[in-house]
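Given chain A, work out where chain B should sit, using these hints.
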Amino acid sequence: MSEKRLLLGDEALALGALHAGLSGVYAYPGTPSTEITEFIQKNTLAKERGVHSRWCTNEKTAMETALGMSYAGKRALVCMKHVGMNVCADPFMNSASTGVNGGLVVLSADDPSMHSSQNEQDSRFYGKFAMVPIFEPSNQQEAYDMMADAFELSEALQLPVLMRFVTRLAHSRAAVTVHEAREENPFNPDKDLSRWVLIPLNARRQYAKLVSLQPRVESSAAESKYNWIENLGTQKHPLGIIAAGIGYNYVKESAPAGIPILKISQYPLPVAKIKALASCCDKILVVEDGQPFVEELVKGILGADYPVIGKLAGRTGDKANTIGRMPLTGELIDGVLPRMGELTPDSVAAALGVKSSSVYSPAKNVAPRPPQLCQGCGHRDVFAALGFIADEFPDSRIFGDIGCYALGFLPPFRALESCVDMGSAITLAKGAADAGMFPVFCVIGDSTFTHSGMTGLLDAVNENSPITVIISDNFTTAMTGGQDSAGLNNYEAICLALGVEREHLHLVVPIPKNMEQIKAIIRKEMMYKGVSVIIPQRECMQTLGRKLRSKKQE
Amino acid sequence: MKLDIKLCGVGGQGILSIATIIAEAATEAGLYLKQAEVHGMSQRGGDVQSDLRLSTELIWSDLIAKGGADMILSMEPMEALRYLPYLAEDGVIVTSSKPFVNISNYPDEAAVLAELDSMPHCVRLDIEGIARDNGLPRSANVVLLGMAAPFIKLIEPQQLRAAVARIFAPKGEAVVAANLKAFDLGHNHSMNQ
Chain A
0 MSEKRLLLGD EALALGALHA GLSGVYAYPG TPSTEITEFI QKNTLAKERG VHSRWCTNEK
60 TAMETALGMS YAGKRALVCM KHVGMNVCAD PFMNSASTGV NGGLVVLSAD DPSMHSSQNE
120 QDSRFYGKFA MVPIFEPSNQ QEAYDMMADA FELSEALQLP VLMRFVTRLA HSRAAVTVHE
180 AREENPFNPD KDLSRWVLIP LNARRQYAKL VSLQPRVESS AAESKYNWIE NLGTQKHPLG
240 IIAAGIGYNY VKESAPAGIP ILKISQYPLP VAKIKALASC CDKILVVEDG QPFVEELVKG
300 ILGADYPVIG KLAGRTGDKA NTIGRMPLTG ELIDGVLPRM GELTPDSVAA ALGVKSSSVY
360 SPAKNVAPRP PQLCQGCGHR DVFAALGFIA DEFPDSRIFG DIGCYALGFL PPFRALESCV
420 DMGSAITLAK GAADAGMFPV FCVIGDSTFT HSGMTGLLDA VNENSPITVI ISDNFTTAMT
480 GGQDSAGLNN YEAICLALGV EREHLHLVVP IPKNMEQIKA IIRKEMMYKG VSVIIPQREC
540 MQTLGRKLRS KKQE
Chain B
0 MKLDIKLCGV GGQGILSIAT IIAEAATEAG LYLKQAEVHG MSQRGGDVQS DLRLSTELIW
60 SDLIAKGGAD MILSMEPMEA LRYLPYLAED GVIVTSSKPF VNISNYPDEA AVLAELDSMP
120 HCVRLDIEGI ARDNGLPRSA NVVLLGMAAP FIKLIEPQQL RAAVARIFAP KGEAVVAANL
180 KAFDLGHNHS MNQ
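First to last, the protein sequences are chains A and B. To convert, note that position 261 of the first sequence is 260 in numbering that gives the first Met the number 0; the numbers rise steadily by one, no gaps. To convert, note that position 94 of the second sequence is 93 in numbering that gives the first Met the number 0; the numbers rise steadily by one, no gaps.
Hints should not be assumed to be uniformly reliable.
Below, computed lysine-lysine pairings styled on DSS-like, alpha-carbon distance capped at 27 Å [said to hold, decoys possible]:
{"hint": "1", "chain 1": "B", "residue 1": "170", "chain 2": "A", "residue 2": "546"}
{"hint": "2", "chain 1": "A", "residue 1": "354", "chain 2": "B", "residue 2": "1"}
{"hint": "3", "chain 1": "B", "residue 1": "170", "chain 2": "A", "residue 2": "41"}
{"hint": "4", "chain 1": "B", "residue 1": "180", "chain 2": "A", "residue 2": "551"}
{"hint": "5", "chain 1": "A", "residue 1": "3", "chain 2": "B", "residue 2": "170"}
The set of hints was computed from the structure by calculation and includes no laboratory data.
The shape of chain B in the complex, shown without the other chains:
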């Protein structure tokens, strides 16, 4: 059993924190894991992505092959579309629906969302709006993780939730509580779909 996740977004949106939480949960669950990420110049407001591979068997490649990703997990709708060639036939897209516009030629928002909706399996949500409305403006990425939890078949949602608590523990109880709330908001959204 394997699960390959293409994590993506714009530099500074917190995709590496999502990767850290999933990696923590996967390690705790005794899974094999490889997680390749991009550092350096591309972090400066450009597109960023990370290949996260989980498996019950030994993993060889650090990178996901085209057509191999079981999930695209994206902090930004156009960025989710960027990696379609990597998505497996029955792969799922879990994405924020709120465009992050820092380029002059950003495509038409309605067209971006329509193209996402044309895919067989896509869950999208205005995670930033949800986070803000619930007083969790810095936890939009954890809302997204909660949304993705039911699709991360190799790890129980409760294990991911516990990893959220462990990862944020050094920042204090209030930060842990905020992120657990964010996780639950995202998780409930997917469960109610």
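Only chain A is shown next, with the shape it has when bound in the complex:
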């Protein structure tokens, strides 16, 4: 029996995985992937079956735990935003060597245009790097359907499968036809033990096996029902299009009828289909969201003489591109499509030579409205308490981290001076202190601290580095919408266990009436030539508001 449901792309992935017999989802929240795990956490079938869905401490623990579930024979899903792939790269790469037992799908949601991210890295490179199959849905229906196929392929090849998603699909809703749920796999631990022990003796054999599997990985994509050619007649066309993932939709939105299109949603690239398209076209335009992954490979497949245009080549070069919210002059770097930023129906139409243009000019009376910390947010009071540092110690720095509090960089605070990657506040501060900076501060959120900050703090403790660490604890992973934080309010105990001295560890409540007390603690601790930790603790206004509202309803 099948039915239609209106689903976000993320929800379609989640339901697809559940209906494919999922036994556990392992994830750390990250926009735009968060709603996948949240959907499974609330789903009735998942609850009935006891599907694992609790948040993990970071993407590496998520990836490894999922691999353990696969070892035991069950189907597991790992979800993250693109930069999470960097955190779990070690187990991800090595899972291609061990191989899997129960199906294992790794979902990475990329964020072209950096709507909520620090970079635009394209996860397809990781799939190629690890030599595993990659799926890239072009719409919500494929997101649902592909989960079942990805798990099947993972078990057939005994390899993890990477699924690459993008923001505009993750957070876009459409009707999806869904089917009945498959049973979960039985508990069935792997009998082949040696493949999981990657000492060089076994690792060489497993890598040889991975290499020898490549023809099957390639043929699975070559024969994939998600890769097809349209409008390939007998006569020669001036232009053919290779459209990957969501790029296919923008092409279909504006491409003139009859133009040959090769749609790609599964990798490695289907070489025969690319050559078939090239042989009946004078030129190929590659339309893909993210980095020019396909474009570069297609150039290699077709040779230097065959004209391939896309993000790298084919620039007509007279206009500035508007990328996301930031006007950039792309004259030197862009191809016929912009190098940076997500694809839009406008940029693809322009690349196809089809006019899509504004009727009305931008309004005169519009000002930017950047996001800001909520009124009443505890981070605001933390930044207020740190306000004197910039004035009194101009050579000092406050290193920041990933989370709502990164907004402390913006006016009115201007209180943060770095935001690089999860956990980096503490380690950047330590490095600057090693170089002679004093006093040195860092601000990190509770969830970011447990994600990747604890190990850096241990480094600092071991060298008794002169840094003042502020763990701004709002009891939740706030920026992604209030998911449970892994530290469970045990930050004091964690810091003590890592070796922070009792007399240099302070818990405070960041409210205006405590401001003088907090400032006094900061002034005292910043002069201490060793590690100090101050933990301002106050619940996130958003999660607090939700709790109060749901109480009121009861």
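Just chain B now, with coordinates in the frame of chain A:
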């Protein structure tokens, strides 16, 4: 037949609830639908927008092209202006006329409203004032939806009204009644224009 709506406002004003109601009505009416929205950091008091596309035919792109929006539906007047490059030539703007000022460089209010009024098709109303005066302080967004109803050509106003009732049903009869009243207030305003 298609109808592309650029929904916009400030994070927390309830534009996604409007999108949910229209989507519910469109699904019930058997229309194709795509609705792209923004989650994450930009929700925190920043500008937010959602592309809502309805059609009797299959829809490809999740996003609306420039010059393609049949309607800008906005909870805030300056936010309505932000998306003018997306408005189709005969597109209509349905917006709140009450500025939400959380930035220091908010433009002159009279200039914002004058620029809106210079557009060929613009309906604006102090939806928050109307909602408050009628004892419906949390339903300003549904007043706006009611205002927009006559312009959402692919769906009958009665179908939208029924969707309002279905969406709020889990919150109880009082909430449903309040939102139906809000819808009617907005709808009557547009019909009397």
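Going down the list of hints, with the structure as the test:
For the given pair, residue 170(B) sits about 16 Å from residue 546(A) by alpha-carbon distance, which is consistent with the 27 Å threshold. Proposed proximity of residue 354(A) and residue 1(B) is supported: the alpha carbons are some 19 Å apart, at most 27 Å. A distance of roughly 18 Å separates the Cα atoms of residue 170(B) and residue 41(A); the hinted pair therefore holds under the 27 Å criterion. Taking the CA atoms of residue 180(B) and residue 551(A), the gap is near 23 Å; set against the 27 Å cutoff, the hint holds.
For a cut-off of 27 Å, the pair hint linking residue 3(A) to residue 170(B) stands: about 25 Å separates their Cα positions.
The structure agrees with every numbered hint stated previously.
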